[in-house]
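Enquirer: Residue numbers (our numbering), protein chains in the order written: chain S, 123 to 343; chain G, 213 to 324.
I should point out that these hints are in silico values taken from the structure, not numbers from a laboratory. In this text the structure is predicted, and so the values were computed from the model without any measurement. Glycine is no exception: its CB is placed at the ideal position from the N, C-alpha and C atoms. Heads up, a few of these hints could be off.
Unchecked claim - Short derived list, chain G residues pointing at chain S, Cβ under 8 Å:
1) Gln231
2) Val261
3) His267
4) Val268
5) Gln271
6) Gly273
7) Arg276
8) Tyr289
To be verified - Stretches of chain S that chain G covers, calculated by requiring three or more beta carbons in the stretch to come under 8 Å of a beta carbon on chain G:
9) 143-157
10) 279-291
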Amino acid sequence: MFRLRVEVHEDAHLAEQLLRGGIAPRHVRRALRELRDHREDLIAQLEQQGLPPDAAACEAQQRLGQRDALTAQMLAQPELRSRVHRFAWLLFGIAPLFATLVLSVATYFVVIVFGGYFALPEHVQLQQEHGALPVASAFMHWIAPLFIAVPLGMLALRRRMSPVWPVVGVVVIAVASGALAVRPNWILIGPPIDALRTLALACGLLLAYAAARARLQRWAP
Amino acid sequence: MTHPDRALIAGVPELLLLQLLAQRPMYGYELAKAVRVVSQDVITLGESVLYPTLHVLEQRGLLRTRERKVDGRARIYYEPTAKGVKRLAALTAEWRRISLGVENVLAGAGHV
């Protein structure tokens, strides 16, 4: 029982180190499985040779040695790194900006098409406070950033990424949202930036990320 | 002047694994044992070299994996792809060329 607990702890520790090093989860999962099988096969072979189970387990552990060597070897292979780690700058630096733009334009068109604004006579000017526009505006400013930030934050936590990347992502999302201006007949991402909105979003998202990260670290080996 | 593959020495595990797997698909432990037995205990591939190398070869498209159940246990078997077979031929030729060169030097060292 004690041996099993030590092995489970060692496996969890190894998985954590590999994930933090950027190794793709599928390689981590498979390596753990192969190592477990390898150990079991070795123990079975030693038992066949006449060693009692505990001695066989100790001998197998000694022969297999420390996991640090395997960790170092795997981390030294750039090909085993996940795409998320390799293209973090794209995912956390560029994609949020693009996603903010796409979500905003999509929301705007939904409002225009389903809000019946196409049916308005040409001489009627759409007012800022008219109909669904304030709701759409609030959605684009406050809810859409969450739709982008939450999956990115979860991905960063699951892949044990350096906090630098989620922070970059949050800053990009907050600035993009702060720079988003919704007007009756157009939307725009550009200056002037609403500093208060940017700051509020950035602080809220960073606090949520920090809390989730702290919670995860309590569970990590 | 010849330019041997720089990765030749670092590629010894790759050569051994591809050669053994070209004979029949094997799983990790079986491969480690095969390397030791076939090399007559001269070469031992520890798990810290074996598994990262297998994963890298698979990632490069030189090996593919298949899961098979043997004696009630699911095993991950490795086998070379067509690209892996080509790579094996290239590595083998390179190894033979280098080893012949080294042998010649060793044999003729006294005549210089």
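Enquirer: Now tell me, hint by hint, if it's right for this structure.
Expert: Hints and how they fare:
Proximity of Gln231(G) to chain S is violated relative to the hint, the smallest CB-CB distance being about 20 Å (cut-off 8 Å). Restraint check, Val261(G) versus chain S: the minimum CB separation of about 6 Å is within 8 Å; hint holds. A hinted interface residue such as His267(G) counts as satisfied when its beta carbon comes closer than 8 Å to some beta carbon of chain S; here the least separation is about 5 Å, so the hint holds. Because the smallest distance between the Cβ of Val268(G) and any Cβ of chain S comes to about 5 Å, under 8 Å, the interface hint for this residue holds.
Here the hint on Gln271(G) is kept, as its CB sits about 5 Å from the closest CB of chain S, short of 8 Å. Taken as an interface hint, Gly273(G) does not check out: its beta carbon lies about 11 Å from the nearest beta carbon of chain S, beyond 8 Å. Hint on Arg276(G) is violated. Least Cβ distance to chain S is approximately 13 Å, over the 8 Å limit. A cut of 8 Å between beta carbons decides the hint on Tyr289(G): the least distance to chain S is about 11 Å, and the hint is violated.
Under the rule that three or more residues need a Cβ within less than 8 Å of chain G, the assignment of the stretch 143-157 of chain S holds, with 6 such residues. Judged by the Cβ-Cβ criterion of 8 Å, the stretch 279-291 of chain S is not covered by chain G as claimed, because only 0 of its residues qualify and three are needed.
Against the hints set out earlier in the document, violations occur for numbers 1, 6, 7, 8, 10.
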